[in-house]
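Student: Listed below are the residues making up each chain.
2 protein chains.
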Amino acid sequence: MFRLIIRPVLLLFSKNKELVNKLYPILGFIPSRVALYEIAFIHKSSSVTLPDGEVVNNERLEFLGDAILDAVIADYLFRRFPENDEGFLTKMRSKMVKRKHLNLLAYHIGFKQLVISQSSVAKDSKHLYGNAFEAMIGAIYLDRGYQCTYKFIERIIDKYVNIEKLKQIDSDYKSRLIEWAQKEKQEIIFESKVGVNSQIKHPHFVCHILLSNAEIGRGTGNSKKEAEQKASKMSLEKLLA
Amino acid sequence: MFRLIIRPVLLLFSKNKELVNKLYPILGFIPSRVALYEIAFIHKSSSVTLPDGEVVNNERLEFLGDAILDAVIADYLFRRFPENDEGFLTKMRSKMVKRKHLNLLAYHIGFKQLVISQSSVAKDSKHLYGNAFEAMIGAIYLDRGYQCTYKFIERIIDKYVNIEKLKQIDSDYKSRLIEWAQKEKQEIIFESKVGVNSQIKHPHFVCHILLSNAEIGRGTGNSKKEAEQKASKMSLEKLLA
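Quick mapping for you: the protein sequence lines, in order, are chains G and S.
In terms of our numbering, the first sequence opens at residue 19 and continues consecutively.
In terms of our numbering, the second sequence opens at residue 19 and continues consecutively.
Mixed in with the good hints there might be a few duds.
The list makes no distinction among identical chains, and a pair is therefore deemed to hold if it is satisfied within one copy or across any two copies.
[As the list claims (entries may be wrong)] Pairs of lysine to any residue, SDA-like flavour, derived with a Cα cap of 20 Å:
1) K192 to G213
2) K113 to K251
3) K118 to K242
4) K40 to A199
5) K211 to M252
6) K62 to E101
7) K62 to T108
8) K211 to V73
9) K109 to E77
10) K62 to F106
11) K62 to F129
12) K109 to S65
13) K203 to G213
14) K256 to V224
15) K185 to I48
16) K62 to E104
17) K211 to E197
18) K201 to P221
19) K242 to I196
20) K62 to D103
In short, the hints are calculated from the structure, not lab data.
Every value quoted in this text rests on a predicted model; they were computed, and no experiment measured them.
The following block holds chain G by itself, in its conformation from the complex:
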């Protein structure tokens, strides 16, 4: 009760009242160290340079939050699926923390009005909201500790994540292709290629998949994983047609 009564009164005098008002419905508690949350929503395209030259954006908090999120989800899955092996747990976690999944989650939670970024950059950066979500996890952890962060993430999962549906999804085409090869006793060769030079800020990846020396799939992308997934998808479509 003490906290519930005193905190809102203090907020009337807070410079960060607007941010706190936006955060409260998301967090379910009134943050103490509001500056941390402020930083969590600063995308590097809108980095702030302090008088002493220090550049501030959400990347350090994202590093921390990413690790805390992974740990909490590992614990969550460990307890929820006591009968499943670590292969299943690893797969489930990777589906839950996938950038695409986190972006959508952060968008639903209402991050669009919170993240500060240069709109032109933001348009290109599809991971903007997912990254800010992780940075916010880092802020909660520093502000309130591990237990509170755990409860926050658990609440978000229960509200927004359909675990049973995620269990069914198998969008990992590479794993499925490898399983196919093992079952059919065929050898599949993955060939990846990436060029690195000073001009290319975002290296371009290419993946070719060969079966008996003939190409059955090919994919390109901004990451090795993306190129491999596309090439594996094409291969599976050909093999299972």
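Following the hints, put chain S in place on chain G, whose structure we already have.
Tutor: Positioned in the frame of chain G, the structure of chain S alone reads:
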């Protein structure tokens, strides 16, 4: 005081007294749920099958402990290096949790007498001790919670890890090669190849590195990373000779 007096008395009647005696000097506390630690030291080569058919080994605990260790080290580095960016933090963590590093750490701590495995398998599995170390982190977390695990890991780091020395080591040949290419405005191509079939339990990776269409490095290994590191090292030796 209550805990200090009562627990050792209880242990006199414990079936796990021997394990607890070995664990106490490592943990610095007397574990409550000893069975968890017992599981943490069972390598999959010595899996135990329970009457209900459940197979027990340390792999699930390793999944959990790996994530908790990553989170604690992220927090530790975040606080210890307030001025460094997330690139530095990521690199430092990857050096600290590298299997080779964890294996050595676990060996020094005295894991050799704790891990139960089939010696022939153990000989092949170089990650035996590092994996058991992570599984033990998972056991501590379940037994004592996050704060206690944090303190345990912090104590291990302070006692066994030379952070300043780790900062100096730059064994990431691939990053160094990419930095070289960017500085010299040259394009480097990484070509990786891996074959997957039912016969090969441990796929064999090959990496070729090209500069102006000529091969400057080549490496093989049991992981893509190992093959890339070897090929990058060879390339750097050629380029910087």
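Student: None of the hints should be skipped; say for each whether it holds.
Tutor: The hints, checked one at a time:
Only between protomers do K192 and G213 lie at most 20 Å apart by alpha-carbon distance; the minimum there is 13 Å, versus 22 Å within a single protomer. Proximity of K113 and K251 under a CA criterion of 20 Å is satisfied intra-copy only: 17 Å inside one chain copy versus 34 Å between copies. Proximity of K118 and K242 under a CA criterion of 20 Å is satisfied intra-copy only: 16 Å inside one chain copy versus 25 Å between copies. For a Cα distance limit of 20 Å, the shortest separation of K40 from A199 qualifies neither inside one copy, at 51 Å, nor across copies, at 46 Å.
Taking identical chains as interchangeable, the C-alpha atoms of K211 and M252 lie at most 20 Å apart whether they share a chain (17 Å) or sit on different chains (18 Å). Taking the shortest Cα distances, K62 and E101 sit within 20 Å of each other only across copies (16 Å), while inside one copy they are farther apart (42 Å). Taking the closest pair of Cα atoms, K62 and T108 come within 20 Å of each other only across two copies (17 Å); inside a single copy the shortest separation is 30 Å, beyond that limit. For the homomeric pair K211 and V73, neither the shortest alpha-carbon distance inside one copy (35 Å) nor that between copies (40 Å) is at most 20 Å.
In this assembly of identical chains, K109 and E77 lie within 20 Å of each other by CA distance solely across copies; the values are 14 Å between and 26 Å within a copy. For the identical chains of this complex, K62 and F106 are inter-copy neighbours only, at 16 Å across copies versus 35 Å inside a copy, given an alpha-carbon limit of 20 Å. Only within a single protomer do K62 and F129 lie at most 20 Å apart by alpha-carbon distance; the minimum there is 16 Å, versus 43 Å between protomers. With identical chains, the CA atoms of K109 and S65 are never at most 20 Å apart, being 34 Å at best within one copy and 22 Å at best between copies.
For the identical chains of this complex, K203 and G213 are inter-copy neighbours only, at 12 Å across copies versus 33 Å inside a copy, given an alpha-carbon limit of 20 Å. Taking the shortest Cα distances, K256 and V224 sit within 20 Å of each other inside one copy (19 Å), while across copies they are farther apart (26 Å). In this assembly of identical chains, K185 and I48 lie within 20 Å of each other by CA distance neither inside one copy nor across copies; the values are 34 Å within and 38 Å between. For the identical chains of this complex, K62 and E104 are inter-copy neighbours only, at 12 Å across copies versus 35 Å inside a copy, given an alpha-carbon limit of 20 Å.
In the homo-oligomer, the alpha carbons of K211 and E197 lie at most 20 Å apart only across protomers (18 Å), although the nearest pairing inside one protomer, at 23 Å, exceeds that limit. Taking the closest pair of Cα atoms, K201 and P221 come within 20 Å of each other only across two copies (16 Å); inside a single copy the shortest separation is 34 Å, beyond that limit. For a Cα distance limit of 20 Å, the shortest separation of K242 from I196 qualifies both inside one copy, at 17 Å, and across copies, at 16 Å. With identical chains, the CA atoms of K62 and D103 are at most 20 Å apart between copies only, with a shortest distance of 12 Å across copies and 39 Å within one.
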